[in-house]
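First to last, the protein sequences are chains S and C. Numbered according to the numbering used here, the first sequence terminates at residue 248, and the numbering increases by one at each position without gaps. Numbered according to the numbering used here, the second sequence terminates at residue 492, and the numbering increases by one at each position without gaps.
Be aware that one or more of the hints could be misleading.
Computed from the model, here is a short list of chain S residues facing chain C with C-beta under 10 Å [stated by the list, open to error]:
1. PHE69
2. VAL99
3. CYS137
4. ALA143
Straight-line C-alpha distance at most 27 Å; calculated DSS-like pairs for lysine-lysine [unchecked claim]:
5. C/LYS126 - C/LYS115
6. C/LYS115 - C/LYS182
7. C/LYS115 - C/LYS129
8. S/LYS6 - C/LYS115
9. S/LYS248 - S/LYS105
10. S/LYS114 - S/LYS125
11. S/LYS122 - S/LYS248
12. S/LYS209 - C/LYS182
13. C/LYS299 - C/LYS313
14. C/LYS313 - S/LYS6
15. S/LYS105 - S/LYS80
16. C/LYS115 - S/LYS209
Worth flagging that the hints you see were computed from the coordinates, not collected in a lab. The beta carbon of each residue, even a glycine, is placed where N, CA and C say it ideally should be.
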Amino acid sequence: MIDAIKIRVLQGDPIIHDVRNVQMPPLYRGHPVIADKPCAAGCTTCADACPVQAISLNPVSVDMGRCVFCPVCEENCPEKIIHFTGNYHVACSSREQLVVTAATKAVTPEAASKKIKNYFGKSLKLRQISAGGCNGCELELNALSNVNFDMGRYGIEFVASPRHADGVVITGPITQNMTRAAEICFEAVPNPKIIILTGACAISGGIFKSSNALEREFLNRHTPNLYIPGCPPHPLTFINALLEWLGK
Amino acid sequence: MTQIQMQNNQPFDLDSIIYLKSGAFQKAVLDELAEGSRMIAFTPVNRNNPRQVACVFFNANISSIVLIGADLTGDDFRYESFANAYPHTNYFECELAEMYGCIPVNHPWLRPVRKQNVTSGNVPYKFFKLGGDEVHEVAVGPIHAGVIEPGHFRFQCHGELVYNLEISLGYQYRGVEELIVKSNPVQRIILAESIAGDTAIGHTLAHCNAVEALTQSRLGLRAEVIRMIAAEIERVAMHLAGLGGVANDIGFALPASSYGRLRTLAINSLALLCGSRFGRGLFVYGGTRFDATPEIVQKIIGNLLEVQHDVRKINEYFFSSVGTSSRLEETGTVETAVAKNIGMIGLAARASGLEEDVRVLFPYGAYRYNPVPMLTLATGDVFARTRLRAMEIEESLRLILEQLENLPDGEICAGSNAWPVNTGVVSIVEGWRGEIVHMACTGVNGELVQYKIKDPSFNNWYGLGMALRETPISDFPLCNKSFDLSYAGHDL
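Take these sequences, add in the hints, and give me the full structure.
Written out as structure tokens, the structure reads:
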């Protein structure tokens, strides 16, 4: 018993009390900002270098739904137009909103409908579906229930059965081999239900977009409610996405 | 000499491969296997030419990688299976059959590797089935009761006891190997980071080593050491996750949460180094993208000293508990002979008493100057796989802290030459699970024509199947966690 207490004392107070304002490590790459100044004439360096075709030119925009938050564009831009900030609040509630332009300083998901808030505002249970995920997103989602992030304190938890869930969290680019299982799982969730796409792969196919082993029809049949960009998204990005969306 | 012998990361001329015909190929491979060599790849050297294949071995006796070529055209893409005499080769043969249609004749158990329910030639595959009274089958997955990757497990049980576990994977198949061949260099590194997201550093290190060997990039010692530190932090972080998982699976909440907290400290150290908690973005060809500044080094040392101090206390508490011993000891045992026979590698093999650690057997990068000990345990049970994690954390932390306090000076990124034509290379790295093999081959214009990846999970999934034999089915989660294998790394 005394040993257990010693171990508990060692634990200290590891929880992040204010999840909204955390100072990220200096090299962390979050929300990109685009300087409102012209590119060098004819320059296409950033768009050419981007491994996931996330950048459009004239004017410059970055699609966070595709972005894997590598620093290649920032490194290569001769005018230093693109810069990744430490802002980890990057989730959106529509696909278009994920495209960052020079006018975008910060994003926040539009508030969920009154119905959704009524149903899920106090307690939200989620079933995760890994559909080709590399285990990066999965590890970060698992980290949400550790003593540092403790998402359970907001009434948001992952559950084992889709029957107990209010929605699904999809990670990975959705492989052919997982498409049927993903559909069955989603069907098993009682209505009303939500879909959260987590990570560049789920949102856009990410680095696997051109693979012929994918089958993303699921997303034509069902409309996601929340997009959480990143490769993988930081646990704090996930928590804040839900808090902002549910107006908590 | 019909075979090519080479070292880890030593390029070889593809034109020097002698492609043996059936009889000579059989003999050469059986001779090699008789020496105790272990197969690490069985693949065409050019994706577009599946009739010429290379069989690659890890020969610990002569500390070399051995490559034997075969031309299967005359034999209608058939060869006599090696798996009846050397079971560990069986899964490599299944993979070659599935991907390139080369059929192993008399194969004991030709089964799908990544495709669903069909073997090569679209023959429907039937799961192994046990008959008899009071026998029942339990099918689980692909989606499991947790935030975890998908896979399908079929247990043939008699009451509580599992007689046979068949593991059917492939749900994560994304075509990584083909994408790497088709992609540009920037994309390739991101793909390598995404082979198995929990081993981003291990796989990216293997990939960079292969590319740098081909392009004759000579890394500075500082870059090599930073890479080694990153790889060891990944090992510490994932072993802490594994310990936490085992503690959680036996319902021991306090160590489970404590290990989880320490893992956060470890992966946040990686974020200090490169911005990503998994080490993404750290690697570029020729070195590292970011330097370990004195400020970053001090912060990482602070984090890791805390991990080192706390993990010792938590280990003492966790491993001295009677409950821990009674749940872990003699659970899910893989005997040494079985582990050897089925070609287990890495942590799970070392826990079964096999001396399998690439850092010791085939040192690469900074491990050439900083030897690590070969840590093994004999019992091969869940306890051994768990205890070995604790031992390796201690050893890795020692190495990391020693290196951080004495970082060599120098450049962090070296230049490289053009890609050579018709050249191959085999790069082996010890990831936290075990041996990662990447094999790259270039064509007549110096373009990539083949990229073969082997995650340690490819070898070890069958080990989990063996661990479950005669074990209560309720111990499956615990056994599974003690192996902690990758689905994405296996499926590619």
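Hints versus structure:
1. About 8 Å separates the beta-carbon of S/PHE69 from the nearest beta-carbon of chain C, less than 10 Å, and the hint is met.
2. A hinted interface residue such as S/VAL99 counts as satisfied when its beta carbon comes closer than 10 Å to some beta carbon of chain C; here the least separation is about 20 Å, so the hint is violated.
3. Interface restraint check for S/CYS137: the shortest CB-CB distance to chain C comes to about 7 Å, inside 10 Å, so the restraint holds.
4. Hint status for S/ALA143: holds, given a least beta-carbon distance of 7 Å to chain C, under 10 Å.
5. With a C-alpha separation of about 13 Å, the suggested pairing of C/LYS126 with C/LYS115 holds against the 27 Å cut-off.
6. Straight-line distance between C-alpha atoms of C/LYS115 and C/LYS182 comes to about 22 Å, which keeps the hinted pair within the 27 Å bound.
7. The hinted pair formed by C/LYS115 and C/LYS129 meets the criterion: a straight-line CA distance of about 20 Å does not exceed 27 Å.
8. Restraint check for S/LYS6 and C/LYS115: the C-alpha separation of about 51 Å exceeds 27 Å, so the hint is violated.
9. For a cut-off of 27 Å, the pair hint linking S/LYS248 to S/LYS105 stands: about 22 Å separates their Cα positions.
10. Between the alpha carbons of S/LYS114 and S/LYS125 the distance comes to roughly 18 Å, so the proposed pair stays at or under 27 Å and holds.
11. For the hint linking S/LYS122 to S/LYS248, the alpha-carbon distance of about 9 Å falls within 27 Å, and the restraint holds.
12. For the suggested pair S/LYS209 and C/LYS182, the alpha carbons sit about 13 Å apart, so the restraint of at most 27 Å is met.
13. Of the supplied pair hints, the one linking C/LYS299 and C/LYS313 holds, its CA atoms being roughly 22 Å apart against a limit of 27 Å.
14. Between C/LYS313 and S/LYS6, the direct Cα distance comes to roughly 9 Å. Compliance with the 27 Å bound is thereby established for this hinted pair.
15. A threshold of 27 Å between alpha carbons decides the hint, and for S/LYS105 with S/LYS80 the separation of about 16 Å falls inside it, so the pair holds.
16. For a cut-off of 27 Å, the pair hint linking C/LYS115 to S/LYS209 stands: about 20 Å separates their Cα positions.
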